[in-house]
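Model the full assembly from the supplied sequences, consistent with the hints where possible.
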Amino acid sequence: MELVEGVLEFLANNIFGEVAILIGIITLVGLILQRTPVEETVAGTLRAVIGVLILFIGVDVFTEGLSSFQAIVSSAVGLEPPQADNTLGDFLGTHGGSVALVIALGFLVHLILVRLFNTRYVYLTGHLLFWIAVVTVASIVEIFGDLGQWTIVGAASLVVAAYWTLQPLVLAPMMRKVTGSDDFGFAHTSALAAYLGGKIGGKAGSYEQHDTEGVRLPQRLSFFKDVNVSTALVIGVIILVAMVFAEVDVAQEQAAAYDEDLNRWVWGLIAGLRFAAGIAILLYGVRMFLAEIVPAFKGISEKVIPGSRPALDAPAVFPFAPTAVMLGFISATAVFLVLMGVFAAIGWFVLVPPMIMLFFPGAAAGVFGNAFGGWRGAVIGGGINGLFLAFGQAISWGYLSDTAPELATLADPDWYLIMVLVMGIGALGALLGEMGVWLVPVVLLVVFVVWTMMAKRVGAEPEAEPLSGDSPFDAPDVSRAVRRDGHGDGAQDDDQGDERSER
Amino acid sequence: MSASDEPLRILSVCGVGMGSSLMLRMNVEEVLKRLGVRARVEATDVSSARSMQADVIVGQGLHTGELQGLAPVVVTITNFMDKDALQRQLEEALHEQGWL
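Quick note, the sequences are listed as chains A and B, same order.
All the letters of the first sequence, read from the start, carry residue numbers 0 to 502 under numbering that gives the first Met the number 0.
All the letters of the second sequence, read from the start, carry residue numbers 0 to 99 under numbering that gives the first Met the number 0.
Hints in this document: simulated from the structure, not taken from any laboratory.
Here a beta-carbon is modelled for each residue, glycine too, at the ideal position from N, C-alpha and C.
Misleading hints may appear alongside valid ones.
[Stated by the list, open to error] Distance ranges between label pairs, derived from CB positions: (1) A333/A - K32/B: 44 to 50 Å; (2) W347/A - Q67/B: 43 to 49 Å; (3) R39/B - I14/A: 30 to 36 Å; (4) S46/B - A255/A: 29 to 35 Å; (5) L107/A - K32/B: 23 to 29 Å; (6) V28/A - R49/B: 31 to 37 Å; (7) L115/A - Q52/B: 46 to 52 Å.
Shown next, in the form of structure tokens:
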């Protein structure tokens, strides 16, 4: 018996507790299921594991940059920097294994739900498979502490599966208006802002009268689309300005911790750039393991659910209204920066501008807003995203302080919704003791089933004319003549082998 | 480039290099298989794409505008799931270069 226990304990500590090893195993299984050649299977598995390790390094660099930023800006406005008892890096160290298992199990449950309820859309936005799993596990651990790993994994898998299945379904009628077809669904955690942007935007204007494509933006704004550049610039400028007002001691201390001999102004510049560098490293790591895992997930879903449609990342809607993309982003950033000033002035919280989250969800909400309310809708959609990000970050930081507070600064609108739902229902469930954790998935699955039934009864909304869009920056658009009809069911793609020609 | 036994080096590009560019990569791979073209396709972000040698860059208009000239062929797509349009665009461009 001792031997068995020893083996189980070894597995728990070294396999199921180690996110890098687990992601490696999941990738390996995926590649084998796809019958990838041996050398590619080995290479792909190694790339995935290295990707996870790079992600950890990125998180460390990012977290350092984040705390420098918070220390300086807090000092400048005379507040205490936001406090935390744990970090994202430590959280992934202790609960990363659960996160990896939630991705795999949650995706399987998602496929079962899609198949059972015939909802069609398969969630293929890989980085959000990862981050939603992180947010859900963190929210459960915040309320219930360390339940057994399998309890956490079981409950969290059901929660993420309900979200991944329901979110594209809720947005589907609006997507038909945005893209003018039903080729693919929308799978991004900006859904809440996009939904409200469309609904509220539609009241403020109309697409026919106020289409964003009549608006021209200055060419010079276009470099902001590179998130590395926009993050470095915005964070760097704010740090340097804040240093003028910050206590010299605070800046000196931070600078000395980095390099004894460095001038504190040069340190400020480097701190801003390191923040951007950390995010770039973090994203590079995530990209590396996703590139191996997502194709396997896609392959499995196509086998298990014939006729399913992919639900895709936010940029898939950007080509339908490129000017709305920039309007949404600018509007979100403006609202956020104003609120950053307001929150500091009233002494509530020192916000960190999350440029990536201002860009992608802001842009998506802008595109949805434009589809229903023209440029007014785009501005409103982006603004709604700015509101969510500002209030979300300020409120959720404290609630995440025992697990991964940095998530508050990396979140899209839906992340906050998931935190509210999981922690809210979880707090009620906690009154029943540890078993109460199951209340969370039960409630969410009931919501899911009811919504799905209602969506079926209402039926599909009629298809709309596609929006068309030129790039706002006069980029050559060679693809206006794209045909958008007649290939919805995805079954005929393999019958074109006879067109093959030799290179 | 172009000893004809070397696979083509293709980049699919999006803002961060994780989501839509990965979808695009899988579609490009599928289309090239139909066309019988051997290629290594990699998904990446706009910043990194600048430092990577490639024969073909594929992305949406938001990004391809500033990537012109970084590769002999730059293909701009509108609908991420329209594989037929992607196939036509790639076929035409590869013919032009004499790679097909």
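Okay, the hints, checked on the actual structure:
For the pair A333/A and K32/B, the supplied restraint of 44 to 50 Å holds, since their beta-carbon distance comes to about 46 Å. Our hint of 43 to 49 Å for W347/A and Q67/B holds, since their Cβ atoms are close to 46 Å apart. Checked against the given bound of 30 to 36 Å, the beta carbons of R39/B and I14/A, roughly 32 Å apart, stay inside it. Taking 29 to 35 Å as the suggested C-beta distance range, the pair S46/B and A255/A conforms, at roughly 31 Å.
Roughly 27 Å separates the CB atoms of L107/A and K32/B, a value that falls within the hinted 23 to 29 Å. Range check, V28/A to R49/B: Cβ separation about 35 Å, and the 31 to 37 Å hint holds. Taking the beta carbon of each, L115/A and Q52/B are about 47 Å apart, inside 46 to 52 Å as hinted.
In terms of the numbered hints stated before, the structure departs from none.
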